[in-house]
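S.K.: Spelled out from the first residue to the last, the chains are:
There are 2 protein chains.
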Amino acid sequence: MHAIGFTDHLPIEDPASLRDVTISKPSAQGHDLLVQVQAVAVNPVDVSVRKTGHEHRMRPKILGWDATGIVTAVGEAVTLFQPGDHVFYAGSFRRPGCDSAYHLVDERLVGHAPATLTTAARAAMPLTSLTAYEALFEQLHIPFDPAKPNSEKCNQTILIINGAGGVGSIATQLAKLAGLTVISSASRPESIAWTQQHGADLVVNHHHDLVSEVHALGIKDVDYILGLSDLDSHWNEICTLIKPGGHIASITENRRPIDLKKLTKKRGTFAWEWMYSKSYYHTADMISQHDILETIADLLDRGLLQSTLSQTLRPINALNLRQAHQLIEQHHMIGKVVIEGWE
Amino acid sequence: MHAIGFTDHLPIEDPASLRDVTISKPSAQGHDLLVQVQAVAVNPVDVSVRKTGHEHRMRPKILGWDATGIVTAVGEAVTLFQPGDHVFYAGSFRRPGCDSAYHLVDERLVGHAPATLTTAARAAMPLTSLTAYEALFEQLHIPFDPAKPNSEKCNQTILIINGAGGVGSIATQLAKLAGLTVISSASRPESIAWTQQHGADLVVNHHHDLVSEVHALGIKDVDYILGLSDLDSHWNEICTLIKPGGHIASITENRRPIDLKKLTKKRGTFAWEWMYSKSYYHTADMISQHDILETIADLLDRGLLQSTLSQTLRPINALNLRQAHQLIEQHHMIGKVVIEGWE
Numbered sequence: 211m212h213a214i215g216f217t218d219h220l221p222i223e224d225p226a227s228l229r230d231v232t233i234s235k236p237s238a239q240g241h242d243l244l245v246q247v248q249a250v251a252v253n254p255v256d257v258s259v260r261k262t263g264h265e266h267r268m269r270p271k272i273l274g275w276d277a278t279g280i281v282t283a284v285g286e287a288v289t290l291f292q293p294g295d296h297v298f299y300a301g302s303f304r305r306p307g308c309d310s311a312y313h314l315v316d317e318r319l320v321g322h323a324p325a326t327l328t329t330a331a332r333a334a335m336p337l338t339s340l341t342a343y344e345a346l347f348e349q350l351h352i353p354f355d356p357a358k359p360n361s362e363k364c365n366q367t368i369l370i371i372n373g374a375g376g377v378g379s380i381a382t383q384l385a386k387l388a389g390l391t392v393i394s395s396a397s398r399p400e401s402i403a404w405t406q407q408h409g410a411d412l413v414v415n416h417h418h419d420l421v422s423e424v425h426a427l428g429i430k431d432v433d434y435i436l437g438l439s440d441l442d443s444h445w446n447e448i449c450t451l452i453k454p455g456g457h458i459a460s461i462t463e464n465r466r467p468i469d470l471k472k473l474t475k476k477r478g479t480f481a482w483e484w485m486y487s488k489s490y491y492h493t494a495d496m497i498s499q500h501d502i503l504e505t506i507a508d509l510l511d512r513g514l515l516q517s518t519l520s521q522t523l524r525p526i527n528a529l530n531l532r533q534a535h536q537l538i539e540q541h542h543m544i545g546k547v548v549i550e551g552w553e
Numbered sequence: 211m212h213a214i215g216f217t218d219h220l221p222i223e224d225p226a227s228l229r230d231v232t233i234s235k236p237s238a239q240g241h242d243l244l245v246q247v248q249a250v251a252v253n254p255v256d257v258s259v260r261k262t263g264h265e266h267r268m269r270p271k272i273l274g275w276d277a278t279g280i281v282t283a284v285g286e287a288v289t290l291f292q293p294g295d296h297v298f299y300a301g302s303f304r305r306p307g308c309d310s311a312y313h314l315v316d317e318r319l320v321g322h323a324p325a326t327l328t329t330a331a332r333a334a335m336p337l338t339s340l341t342a343y344e345a346l347f348e349q350l351h352i353p354f355d356p357a358k359p360n361s362e363k364c365n366q367t368i369l370i371i372n373g374a375g376g377v378g379s380i381a382t383q384l385a386k387l388a389g390l391t392v393i394s395s396a397s398r399p400e401s402i403a404w405t406q407q408h409g410a411d412l413v414v415n416h417h418h419d420l421v422s423e424v425h426a427l428g429i430k431d432v433d434y435i436l437g438l439s440d441l442d443s444h445w446n447e448i449c450t451l452i453k454p455g456g457h458i459a460s461i462t463e464n465r466r467p468i469d470l471k472k473l474t475k476k477r478g479t480f481a482w483e484w485m486y487s488k489s490y491y492h493t494a495d496m497i498s499q500h501d502i503l504e505t506i507a508d509l510l511d512r513g514l515l516q517s518t519l520s521q522t523l524r525p526i527n528a529l530n531l532r533q534a535h536q537l538i539e540q541h542h543m544i545g546k547v548v549i550e551g552w553e
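Residue numbers (this note's numbering), protein chains in the order written: chain W, 211 to 553; chain U, 211 to 553.
By construction, these hints were calculated from the structure, which means they are not laboratory data.
Don't take each hint at face value.
Given that identical chains are not distinguished, each listed pair holds provided it fits within a single copy or across any two copies.
As a list, the in silico BS3-like pairs of lysine-lysine whose alpha-carbon atoms are at most 25 Å apart [to be verified]:
1) Lys453 <-> Lys471
2) Lys475 <-> Lys271
3) Lys358 <-> Lys261
4) Lys261 <-> Lys475
5) Lys472 <-> Lys358
6) Lys261 <-> Lys271
7) Lys471 <-> Lys261
8) Lys472 <-> Lys261
9) Lys363 <-> Lys271
10) Lys430 <-> Lys363
Next comes chain W alone, as it looks inside the complex (with noise of 0.2 Å):
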């Protein structure tokens, strides 16, 4: 079956930094899913782990961490699902990902796609939905019924750092949806227009001081912080809004040691949110990713979510996966990138 992988760690310029190869068509057994491919998108994580590493592969990895397709067969062990169901998922870190015609992946990290949405808004939706729904909802502990989205406004504030990216363009409507108040910030006026249609109440710039941005919004501090971009940059800025009791979320590693002890008096909460940490170490609440997709797909086709796609190529080839590549390596990206359809 046709597939898009790697062996070696090239600059995407290089044609053969993501080449089409030809690979065996798995089989579904247990809780796997054998999917047929009719999306994919590409995150910032492709970018990372076809960049990172000088080793030379035997054979070829396969990226893709964000898919929508068809069910064509299930292991025995399935119980969620049945050949012919839609479903969009973002799968596991431990294997080959869904740059393929078709492509395994466990029940239990899969949802029902959306049925109100076209198949390339689909496929932009599972890796940031379930990043900032775990980030808000389970690192953050802000409190939110599904039942309920929309149903009365908190007196909480979060700000968003880089809220018109594509964590931050959900985690912007979500929060929303939890009655918050959103700060994003964003920089370029393309980016500040697309995080207030996604429901951004105020914005400011992270190119300036972030403590001075928000002070001028007549806003001392804030309950909570979800970080998205350059933990180390920010850091102090984070320590000097956050709120005693706050809590602070970050998806972005630092690079320098940070500072921890600057939260200390106002006992403040550090959480760090990972989407495949679930599925990496297989824990026990796995199947909530199931859950939150079956919960995002709901809100899409309730209308309360909007999906992020902002640019679809076609077909699903290396020559459109090396262009996604390359739009992300531009760190202009606003919203998704999805490639669809085989030729």
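Starting from the known structure of chain W, fit chain U onto it as the hints suggest.
M.R.: Positioned in the frame of chain W, the structure of chain U alone reads:
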């Protein structure tokens, strides 16, 4: 009125390190209660404030953050208490401590004293109970319904590092009431026995490698870790022993940089606990300390929680306060030391 204080940061062996002094009796205004102090406890924070620094003070600084006594007057905004009420509380870091015959404290930081306990047993409880309760149920987010304590055994495990100390002895009991399996660390025969008496299911030795100690119990990792001593030394053990998605809280600061990145893959959560934070910043939820102390008093009166009093000195004067400080400085303290009554 009689009080005990210091003007210079001196070794505890120096008779001037804590001196009997006379200060003017304050009067209650606003949300303040004027409390006739009956007994006080001494905590590591008293020692730390007394020892740390070099400046000479013109007026004596009064320590003490654990008191029980009788309300003798109330400010005009007080609604929770009236003169004659028996109370217990830890108070604020921003105001004079409770080592004085009369003491002012904001009613929102105060609970009605548990009726069934002796005066000394009451004085032993507030600071450690507030710390343990906030750490477990606010910072570690352990589910707990005070109306249904001890109702069912859950499937979760907590490691309490230094379980036989003041906070550890309460945290062990509260974690048991929430249904957790408690692994407590202790090292000496008497501290091992003490922590078992307070409900520890399993005991490990924090002078050995905690990872090996916990694994030797047949336990691979734990859902929660509460660090009550030497975060620097135990950080790597904590990161190895915490479950993916697990929660860590600490009441002791790190002196060396700690490597937070060890928790990214596990999407770990880290929280500081500082009991004074709410009163220090006068947070909107400051009154939660009143609620917690009311809950603690109820659990004590129902026999579900035991006072951790281990030693009582009489009366409250500089000599006995110096002795209590010495006990804490020796780092072999089990439970709490209380000083009761005036000459």
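S.K.: Next step is simple, just say for each hint if it's right about the structure.
M.R.: Verification of the hints:
1. Taking the shortest Cα distances, Lys453 and Lys471 sit within 25 Å of each other both inside one copy (15 Å) and across copies (23 Å).
2. In this assembly of identical chains, Lys475 and Lys271 lie within 25 Å of each other by CA distance solely across copies; the values are 21 Å between and 47 Å within a copy.
3. Neither within a single protomer nor between protomers do Lys358 and Lys261 lie at most 25 Å apart by alpha-carbon distance, with minima of 42 Å and 54 Å respectively.
4. In this assembly of identical chains, the alpha carbons of Lys261 and Lys475 lie at most 25 Å apart only when taken from different copies (19 Å versus 40 Å within one copy).
5. Within a single copy, Lys472 and Lys358 get their C-alpha atoms no closer than 36 Å, and across copies no closer than 36 Å, so neither meets the 25 Å cut-off.
6. For the identical chains of this complex, Lys261 and Lys271 are intra-copy neighbours only, at 12 Å inside a copy versus 60 Å across copies, given an alpha-carbon limit of 25 Å.
7. Proximity of Lys471 to Lys261 under the C-alpha cut-off of 25 Å is restricted to the inter-copy arrangement: shortest distance 21 Å between copies versus 34 Å within a copy.
8. In this assembly of identical chains, Lys472 and Lys261 lie within 25 Å of each other by CA distance solely across copies; the values are 22 Å between and 34 Å within a copy.
9. For a Cα distance limit of 25 Å, the shortest separation of Lys363 from Lys271 qualifies neither inside one copy, at 46 Å, nor across copies, at 45 Å.
10. In this assembly of identical chains, the alpha carbons of Lys430 and Lys363 lie at most 25 Å apart only when taken from the same copy (19 Å versus 43 Å across copies).
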